[in-house]
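The primary structure of each chain is shown beneath.
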Amino acid sequence: MLASVRSATLLGVDGHPVTVEVHVSQGLPSYHVVGLPDTAVRESRERVRAAVLSSKLEWPNRRITVNLAPGGLRKHGAGLELAAALGVLGAFDGLPDGVLDEVGVLGELGLDGSVRPVPGVLALVDALARAGAREVVVPDANAREAALVPDITIRPARTLGELRASLIGLEPWPDAPAPPEPSASEDDEEVDLGEVRGLSLARRALEVAAAGGHHLLFTGPPGVGKTMLARRLPTILPPLARGESLEVTRIHSAAGYAPEHGLMARRPFRAPHHTASTAAIVGGGSRRLTPGEVTLAHRGTLFMDELGEFPPTALEALRQPLEERVVRIARQSVTMSFPADFQLVACSNPCPCGLGGPLCRCGDGARARYRRRLSEPLLDRFDLRLAVTPPEPGDEPGEPSAPVRARVVAAAERQCHRYADWPWRRNAHVPARALMRVVRLAPDVDAAWRGVSEARRLTGRGAARLLRVARTLADLADETDLSEVHVLTAASLRDDVL
Amino acid sequence: MSAPGRAPALSSADVAYARLACLPGMTPRRLRVLLERWPDPHDALAAVRAGRAVAVLLAQEEPQPRLFDARRVGELTRAWSEAAAFDLTPMLWARRTRVFVDGRPDYPIADEVPGRPPVLLAEGDGPDALTRPRVAIVGTRAASVHGLLDARDLGAFLARNNVTVVSGLAIGIDGAAHEGAIDAGGGAIGVVATGLDVVYPRRHVVLHDRVRRHGLLVSELPFGTGPHRSRFPVRNRIIAGVADVVVLIEATATGGARITADFALEYGRSVLVVPGSRRNPAAAGCNALLADGAHPLLDPADVLLALGLAPTGARGWGAPSPRPVPGGDAPAVLQACRGEAATADQLAARTGLPPERVARAAADLERSGWLRRDRGYLWPS
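Protein chains in written order, with my numbering: chain A, 1 to 498; chain B, 1 to 381.
Be careful, since some hints might not be right.
Quick list of the computed label-pair ranges, beta carbon to beta carbon [what the hints assert, rightly or not]:
id, chain 1, residue 1, chain 2, residue 2, range
1, A, Gly-285, B, Arg-367, 51 to 59 angstroms
2, A, Gly-394, B, Ser-277, 35 to 43 angstroms
3, B, Pro-380, A, Tyr-257, 45 to 53 angstroms
4, B, Pro-331, A, Gln-320, 25 to 33 angstroms
Negatives, chain B to chain A, calculated, CB over 10 angstroms [said to hold, decoys possible]:
id, residue
5, Arg-37
6, Pro-39
7, Thr-77
8, Asp-87
9, Arg-141
10, Ile-171
11, Gly-268
12, Ala-341
13, Glu-356
14, Asp-374
15, Trp-379
To give an idea of the chain A side of the interface with chain B (calculated C-beta under 8 angstroms), a few residues [claimed, not checked]:
id, residue
16, Ser-30
17, His-32
18, Val-191
19, Glu-195
20, Leu-199
21, Pro-222
22, Asn-349
23, Asp-364
24, Ala-491
Just so you know, the hints here were simulated from the structure itself, not pulled from any lab data.
Note that the Cβ used here is the ideal one computed from N, Cα and C, for glycine as well.
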């Protein structure tokens with residue numbers, strides 16, 4: 001009178017295998033779920049019973065105990081219901097022995113016996129595959145997404161009744177869908193860098209940011225095109241590699257943003273509003289930890305417009321993921337780390353009046369207070385900082401995105417090639433200790449670098465950032481070694497703008 | 001005058017004056033009324049301790065006595081007799097405070113200045129700053145890079161010509177003028193709008209200390225008085241009174257520097273004004289004064305002429321060093337600034353050069369002192 005079914009639950013953005021054990025015994029009719037279920041899991045009782053009855057199957061009026069193992073892991077959501085229902089059938093002779101061996105089961109049930117989609121299927125199927133399952137039953141709506149996981153047979157399920165029929169061999173399995181191809185034509189609004197007039201240096205900064213993975217800060221008066229420019233960054237970023245794409249799709253799927261066209265081809269571009277809470281930015285929650293914007297922007301861009309308007313705690317919380325490209329969140333019950341390898345692009349007004357530079361009307365105190373909203377350690381993490389001014393009369397529309405993107409892709413490939421033996425892939429990620437071995441300055445370039453660093457009174461860290469940007473400029477120009485002009489251009493792309 | 005580091009000898013009358021000036025709620029007008037009634041400060045102090053002084057003020061405060069309220073009269077009488085019992089002597093000695101009393105030969109403000117404080121407190125190791133000609137350099141706190149450079153250069157120029165710079169130790173023009181003068185080895189007088197033991201603004205704590213070592217800090221306010229916005233305009237009359245000539249470098253249309261200039265004109269001081277661009281909001285007050293007939297300051301030696309001194313040495317700002325414009329794109333880039341602050345982006349657009357060449361030219365110009373960087377902009381200097 002015992003059956004056990006494999007399933008999986010989400011913890012953060014990762015799937016964890018769960019064994020659903022169902023025991024049916026003599027006693028007063030009852031249904032108990034044990035093993036750290038959350039409310040949604042506990043509520044499953046009514047749905048499981050109704051679904052079984054709606055499918056014209058027999059519900060055992062006995063004492064039913066559902067155990068979710070491992071007992072120490074907190075289980076979330078309704079994705080274990082289908083497994084529980086099959087377990088009940090299996091424990092009460094509704095299924096032949098052995099049909100559920102090495103089969104993972106995922107899905108939520110409707111009262112009518114239909115199988116409903118669940119979030120995070122990619123991560124869950126992945127976890128089951130790694131745990132040794134050879135087949136996995138998934139809701140029909142999730143089947144395309146699940147097919148992205150290699151080396152595992154996908155069994156789509158529409159209703160509990162059909163699923164049972166296929167399991168005991170009464171009917172053939174429905175065809176498993178083919179894994180979807182990355183679709184590039186998924187953008188609803190097509191923007192292009194060619195629409196931006198003038199701003200040659202700001203465009204250069206955007207290109208450098210895209211090529212080297214540098215964090216970028218634009219300041220300038222309202223309406224001058226900072227946001228317009230920043231929003232066009234995705235059009236020049238290199239596409240996601242296949243592995244990266246899977247990783248990003250998995251995260252977004254786990255966060256409940258099921259990608260309808262399957263694999264994500266574009267790098268994510270997240271633009272949270274400045275009223276976002278700290279937990280929404282870095283991730284959090286009290287019991288169930290959910291990924292924040294920094295994780296959803298993994299391998300992509302986090303765009304923060306009006307940087308100074310974000311809550312100071314959220315901005316300070318960004319510092320650790322910016323440095324380590326992983327965000328670690330600790331709560332009383334659980335500690336987790338989420339991937340957070342994102343590129344930060346931010347815009348800010350230069351001062352309360354917004355005009356900045358020679359036209360600023362702000363008092364010194366007001367300006368200092370405004371500046372204090374952004375801490376020095378945060379500002380320091382921007383490799384590129386630039387004041388943006390309105391286009392000059394007679395400025396021509398600039399270069400369109402396509403050729404810029406071609407240069408960016410070539411520069412990114414050069415970096416991948418150069419860093420093949422190192423654990424990092426982008427110039428922005430080169431650690432300080434390895435930097436001098438990577439850039440190898442000629443004596444005259446070294447002199448120029450030292451001269452600029454001294455004139456600007458740069459700290460050691462600031463001077464190192466200058467070199468990383470200069471390295472990207474050289475990559476964009478397809479030059480093996482840094483020259484003086486790269487260092488000087490890097491210096492004009494990293495200014496004290498506030 | 002005593003040598004730096006040695007305490008000035010304070011007479012018992014000096015201490016009595018200081019104790020009167022440091023009573024809570026004391027104003028220059030009230031102090032003057034008391035000293036007219038009791039010319040000897042010991043008598044005035046005794047009257048305050050005995051509670052007889054407030055009645056005298058009450059009789060004088062016409063036409064609208066602010067003290068008519070019986071409760072407030074009682075409070076002030078009590079507060080004064082308590083405070084007057086406190087002997088400041090040890091503190092004054094420890095702080096090496098100087099006391100300047102109106103009517104004595106060392107009092108730094110001329111007799112024709114109305115509303116001058118009867119008693120001024122001062123501290124610092126450079127009292128001879130007062131024996132030299134004195135020029136006030138004032139201006140806005142929200143100064144541009146150009147304004148700050150002018151203030152520094154003028155401060156240094158005056159210091160080299162043995163002229164003391166008077167200012168208010170504020171952020172911006174005031175601070176830059178003090179810095180310039182002290183860096184050039186000159187003396188400075190900082191007139192503060194707080195007690196002498198209070199440092200405001202906090203950011204100028206180092207400058208405060210430098211003025212104390214190289215000149216004098218002056219205040220009419222009791223020890224412990226904190227900053228209050230009502231006290232800064234009142235303080236400005238002392239700056240105008242102590243100085244022989246007042247120079248404005250970048251004043252907003254309504255700022256404190258305009259108030260100082262108005263006081264200076266009222267006291268018959270020369271007011272010199274550095275003209276500014278109409279595009280510079282920090283120069284609007286200067287240009288308005290010029291329109292009203294103030295003397296434009298085009299050459300720092302004009303200040304010496306206004307003081308009645310013969311300018312010695314070269315005219316012109318600072319020590320002019322030959323500054324060749326670097327080659328390459330630098331002349332075009334400098335030209336493209338049009339004499340105003342611009343971003344590298346604007347310079348690239350105006351010259352039609354790629355950003356790399358602008359960056360190189362800007363770096364050359366920065367190195368040779370033609371351009372300065374501030375908050376993302378390049379400023380011609």
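Does the Cβ-Cβ separation between Pro-331/B and Gln-320/A fall within 25 to 33 angstroms?
The hinted range 25 to 33 angstroms is violated for Pro-331/B and Gln-320/A, with Cβ atoms some 48 angstroms apart.
Taking C-beta pairs only, is Ala-341/B more than 10 angstroms away from all of chain A?
violated, 4 angstroms
Is 51 to 59 angstroms right for how far apart the beta carbons of Gly-285/A and Arg-367/B are?
At 53 angstroms between Cβs, range holds.
Next item in the hint list is Leu-199/A. Is there a CB on chain B closer than 8 angstroms to its CB?
holds, 6 angstroms
Please verify that hint: Asp-364/A, Cβ, nearest Cβ of chain B, below 8 angstroms or not.
Cβ of Asp-364/A sits 5 angstroms from chain B, so the hint holds.
A closest beta-carbon separation below 8 angstroms is what the hint needs, so does Val-191/A meet it against chain B?
The hint is violated - Val-191/A has no Cβ within 8 angstroms of chain B, the shortest such distance being about 21 angstroms.
Do the numbers back the hint for Ser-30/A, that is, is its least Cβ distance to chain B under 8 angstroms?
violated, 71 angstroms
Hint status (Cβ of Pro-222/A to nearest Cβ of chain B, threshold 8 angstroms)
The hint is violated - Pro-222/A has no Cβ within 8 angstroms of chain B, the shortest such distance being about 16 angstroms.
Are all C-beta atoms of chain A more than 10 angstroms from that of Pro-39/B?
holds, 44 angstroms
Holds or violated: is the Cβ of Ile-171/B farther than 10 angstroms from all Cβ atoms of chain A?
It is violated; Ile-171/B is separated from chain A by about 5 angstroms at its closest Cβ, not greater than 10 angstroms.
Is the hinted range of 45 to 53 angstroms satisfied by the C-beta distance from Pro-380/B to Tyr-257/A?
holds, 52 angstroms
Over 10 angstroms to the closest beta carbon of chain A is the bar; see if Arg-37/B clears it.
About 43 angstroms separates Arg-37/B from the closest Cβ of chain A, which puts it past 10 angstroms; holds.
The structure is inconsistent with the numbered hints 2, 4, 9, 10, 12, 13, 14, 15, 16, 17, 18, 19, 21, 22, although it conforms to all the rest.
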